[in-house]
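Using the hints, position chain B against chain A.
The listed protein sequences derive, respectively, from chains A and B. Residue numbering for the first sequence follows full-length UniProt numbering, beginning at 1 and increasing consecutively. Residue numbering for the second sequence follows full-length UniProt numbering, beginning at 1 and increasing consecutively.
In case anyone wonders, no lab produced these hints; they're calculated from the structure. Model, not experiment: these values are computed from the prediction. Check each hint, because a few of them may be wrong.
All copies of an identical chain are treated as equivalent in the list; a pair is satisfied when it fits inside any one copy or across any two copies.
Taking lysine-lysine and the BS3-like style, the derived pairs with C-alpha atoms no more than 25 Å apart in a straight line are [as the list claims (entries may be wrong)]:
(1) K237 x K249
(2) K370 x K284
(3) K236 x K112
(4) K49 x K269
(5) K112 x K225
(6) K344 x K237
(7) K53 x K304
(8) K117 x K10
(9) K138 x K5
(10) K236 x K288
(11) K288 x K370
(12) K49 x K164
(13) K249 x K323
(14) K243 x K344
(15) K138 x K344
2 protein chains.
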Amino acid sequence: MSEFKQADHKLLVIPGPIEFSDPVLLANATPGTAHTSPAFIPIFGESIKLLRKVLLSKEESQSQPILIAGSGTLGWDAVGANLVERGDEVVVLNTGYFGDSFAECLEIYGAKVNQVKAEVGNVPTDESIIEALATKPKIITITHVDTSTGVLSPAAHIASLVKKHSPETLIVLDAVCSVASEDIKFDEWGLDVVISATQKGLGVPPGLSVVLASKRAVEASENRKTPQQGYYISWKKWIPIMKNYEAGKPSYFATPPVQLIYALHTALKSITAKPISERIEAHKAASKYVKDELTALGLDFVPKSRDIAANGMTAVRFPQGLKAPDVLPKLAERDIVVAAGLHKAIVTEYFRIGHMGVTAVDRQRGDLEKVINGIKEVLGKK
Amino acid sequence: MSEFKQADHKLLVIPGPIEFSDPVLLANATPGTAHTSPAFIPIFGESIKLLRKVLLSKEESQSQPILIAGSGTLGWDAVGANLVERGDEVVVLNTGYFGDSFAECLEIYGAKVNQVKAEVGNVPTDESIIEALATKPKIITITHVDTSTGVLSPAAHIASLVKKHSPETLIVLDAVCSVASEDIKFDEWGLDVVISATQKGLGVPPGLSVVLASKRAVEASENRKTPQQGYYISWKKWIPIMKNYEAGKPSYFATPPVQLIYALHTALKSITAKPISERIEAHKAASKYVKDELTALGLDFVPKSRDIAANGMTAVRFPQGLKAPDVLPKLAERDIVVAAGLHKAIVTEYFRIGHMGVTAVDRQRGDLEKVINGIKEVLGKK
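Isolated chain A (complex conformation):
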């Protein structure tokens, strides 16, 4: 079984799902196992603990991981259903497609949303953020990496603005495309909710919603005046379950995705075998390589500058006169799968390359060189 090798396939370098390691995929093929079995309980319990380690949250009593079957999007509902009460003010910092959608989700749960929008490829100005904080909103949301633009929001800096200008405001980081690929310091930055999914930096097949909630956020959900909204997404239901598994006790609210949690556990053990800072540095190095090479080819990026460009992906503009159908199918012929544009305002003007997980960390695979060489060939620069 240890010799399992995944099937041959095209190199997947989109902003998630990503390439998965053989051990992670083998874990996803774990035989039928009861969610309450003595074999599974420590796997689930340790996964909960290791998630804190990835997000640099030290104290067990200070943060609560919540791992449930779902996609990254379900994390938005977790914020809406557990933290928003009708009429609550929420500031959504918008750096692309995912800000619009998060805002739409929170409005369904009754939030009065104030969107602070950046121009495409940029981040909101400090002034606009400080102005939005003047009303002391209950929640502020940051899309850490908006995969529609490849923009990396300066989350530490924004959190410091919140602490200074509206310290009671809960800070929610949409980190779907940043956990385990970008710097996140949960305790140090004073974050309240980190939302993620497994198919990006964590390198695990899609289907798990990953959330880390601060003690303050959990208390806010407990102390709300109106009942929480939603049932499956209810923290009141799930937190006791997570605490039980972490304490080594079986517990049931809804059936966890057992195989995906085995896969996550395998990934988390590998990720935390070294300091997380090393992994983030590897992503920065991978990103620099890709962006330097693309720059050398004369290509431009969607983010306005390197310091607000994601390290786990690159949103790169087509050369003048070329569009997706001129480039993407030719890369696919070379067994390289990149992603088309997503942001409506510029959808035909750019494409997206993911470089997270094994592609960024295990450079011996040669994934990045394959992508760059493929692009050179397709653009006739080789």
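Okay, now just chain B, sitting in the frame of chain A:
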């Protein structure tokens, strides 16, 4: 790769998750694949079509499958968020633990729930159902198999009562523990929503919420006066995505659990290779074998009679004087995993055996004989 064999493990015979076939587990280890890739689109599209086939829903225009990352429980939220408006009357037919929970979920979405409760091990009387229908509720829910009691509700008969006494009422079948193991005739019975999950009769790892909605149910969700509740669970968001995939077009709302859908596709291809009626008959034969053998050992069942006992599982009472710690660990020592009791009123008095999927259909495996022999040994009857 075709020679993949899953790791050795204890025989899993609980009412889900169940044993999975090697091809299904290998499909769950499919390499990283984009949710929009030409390879994946037909897999997802065909899975949608095949689900109708399993549930005997013939017309594409008459029913809408909805497959999203989540557990079976998320299907309750689907009903609450899309079909319930505040103040709507809902009748919940209660045959155990899962009726209580479904009712709790619907109340969160504003339903005025009228629970029609059966005594433990029984189903509600016709009179009590007809009486509850007198107010013409918007929705009636049936737990097809309540795994806490092993009771099988006579869904066809109940549906006929609804058609006669309150034809406008939407019929929701909680079929988490019955799809692909018990008779379900979506069109013929006139069902409106079937809710399920993958880890039971379908024989696929947990993590996929499986829903089939009638045209009438979809129209009810579209014609509601107040906005739908919830975001991730919104049919308005998901139905266009499902229609696109079925038509062979990529589409995005939230990332589908690609590997689980490959696994589901593998299972559905196998299930639909023969008439579904044959599969159901195999489950009935497996159930008869187990129940006859247990009866011969002098054991009693939680369901009051055989005709309201599930075919995919058996809820069996311990012999006088024995409790779970006397039996379950000894079965586990013999590599047989059954489940303890769940229904509060009788929790220490019984245990549960699952016999769904390959365990019931592929009798050459000898799973059922292994379970029965194990029980005989532990009870000193061999």
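For each hint, the structure was consulted:
no. : hint        : in the structure
1   : K237 x K249 : within (16 Å within a copy, 37 Å between copies)
2   : K370 x K284 : within (18 Å within a copy, 55 Å between copies)
3   : K236 x K112 : both (24 Å within a copy, 22 Å between copies)
4   : K49 x K269  : within (11 Å within a copy, 39 Å between copies)
5   : K112 x K225 : both (17 Å within a copy, 21 Å between copies)
6   : K344 x K237 : between (38 Å within a copy, 18 Å between copies)
7   : K53 x K304  : neither (32 Å within a copy, 51 Å between copies)
8   : K117 x K10  : neither (37 Å within a copy, 55 Å between copies)
9   : K138 x K5   : neither (49 Å within a copy, 52 Å between copies)
10  : K236 x K288 : neither (43 Å within a copy, 41 Å between copies)
11  : K288 x K370 : within (16 Å within a copy, 58 Å between copies)
12  : K49 x K164  : neither (31 Å within a copy, 55 Å between copies)
13  : K249 x K323 : between (55 Å within a copy, 20 Å between copies)
14  : K243 x K344 : between (42 Å within a copy, 22 Å between copies)
15  : K138 x K344 : neither (30 Å within a copy, 40 Å between copies)
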